[in-house]
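Chemist: As a plain string of letters, each chain reads:
Protein chains: 2
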Amino acid sequence: MRRSPNPEQRRRTLCDAAIQLLADDGVKSATHLKVDRKAGLPDGTTSFYFRTSSALLRAVAERIAELDLKDLTAATRRTDPSSQPSGLATLVFRSVNGARLTRTKARNELALQSPRDPELAKALRRYTDDFTALIRDAVVRLQPEGADVDAALIDAQTYTVQMFIGGVMLACASGDRRFHTATELDSLISGIVRGVGEESSANFRDSL
Amino acid sequence: MRRSPNPEQRRRTLCDAAIQLLADDGVKSATHLKVDRKAGLPDGTTSFYFRTSSALLRAVAERIAELDLKDLTAATRRTDPSSQPSGLATLVFRSVNGARLTRTKARNELALQSPRDPELAKALRRYTDDFTALIRDAVVRLQPEGADVDAALIDAQTYTVQMFIGGVMLACASGDRRFHTATELDSLISGIVRGVGEESSANFRDSL
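Top to bottom, those sequences are chains Y and B.
Heads up: the first sequence runs through residues 162 to 369, numbered per our numbering.
Heads up: the second sequence runs through residues 162 to 369, numbered per our numbering.
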């Protein structure tokens, strides 16, 4: 007697095939039938596990978040402030290189799709929140020694770094990458935090 | 006798309908038939003007570039360094608000599609190059008075601001906007330029 496949393993296989399709050909190509064939499974398998297109995309978002979370945990462990490059820069650098670029491309596709699908948006947000927390930690560690911690400033710096990283991930997915090491990226991130901080103090002094 | 439609005008009408479809429902919805119906024109009109899906997307990219270029020209005219907010911040602020957000969403969709379609990538790049030049001008104007102009540094600052703006446009297209005025945006851009400059001099000093 043949063992029936483990449903969790089968779901992962289908989601991984969908990630590859999303990265290569975009949302319009991530159909149930194409996923079946990409995964080398009988026609109808994807429909059996994920009834709708939205259910499939949501499962893909959750699979991406699961994979991302492992990387994030590894990055968070590198919290030694003296480590160069930082865990954050290393994480971003890895996510736009090699096999992980596929996942980044798929994530971009889902992000663009998310305003049209609230459940998908929710699934994506779960990871985004963890990622934002990592950025905020990095920003806090980059404050000048002895400085008062200003929550509004930390917010502005976190936002600016986050938008920069979002832009980098989008550009790299289009083949436009202009840094060669995580250390270069780290220096740009430190520059953003330093400059937004100084600009904000300058504005504060101006407003006195 | 009915006058036959002006072909240029007709092409514009079809492209504008396609921009709306791209923004609302993504690349997968920008089919010839849906564009016909969105534009309120007989079935087959879009296929008559743009034979393939790629030809349609390329025409849309050119239409977006034509509209963007008007805004860019207006922004470039605001070159008075004392004008607050700068032309660049004003341009970005406008492109993520009101009716122009539709165009920004459509541009994001095309950008994600572009690695799969070299002709589309070429059409998009024409505008990107002009936009990069505007960013570079803004960066040059933000150099500290009397500083030596260092081309590699200007490149790094331009790149960082460009990635930040790309991230802002992507996030705003997903409904995530966290600034309320062009002046706030301007201050973040100035902060990036200042900080990347200082970080770079610090690294230079460290390497001595």
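Hints may be right or wrong, so weigh each one.
It does not matter which identical chain is used: a pair holds within one copy or between any two.
[To be verified] Here are the computed lysine-lysine pairs in the DSS-like style, where the Cα-Cα straight-line distance is at most 30 Å:
1. K283 to K195
2. K283 to K231
3. K283 to K189
4. K189 to K199
5. K195 to K231
Since the hints were made in silico from the structure, they are not lab data.
Chemist: Now look at each hint and say whether the structure bears it out.
Modeler: These are the hints, each one checked on the structure:
For the homomeric pair K283 and K195, the shortest alpha-carbon distances inside one copy (25 Å) and between copies (29 Å) are both at most 30 Å. For the identical chains of this complex, K283 and K231 are intra-copy neighbours only, at 20 Å inside a copy versus 37 Å across copies, given an alpha-carbon limit of 30 Å. For the identical chains of this complex, K283 and K189 are neighbours both inside a copy (21 Å) and across copies (22 Å), given an alpha-carbon limit of 30 Å. Taking identical chains as interchangeable, the C-alpha atoms of K189 and K199 lie at most 30 Å apart whether they share a chain (15 Å) or sit on different chains (19 Å).
Only within a single protomer do K195 and K231 lie at most 30 Å apart by alpha-carbon distance; the minimum there is 28 Å, versus 42 Å between protomers.
Of the numbered hints stated above, none is contradicted by the structure.
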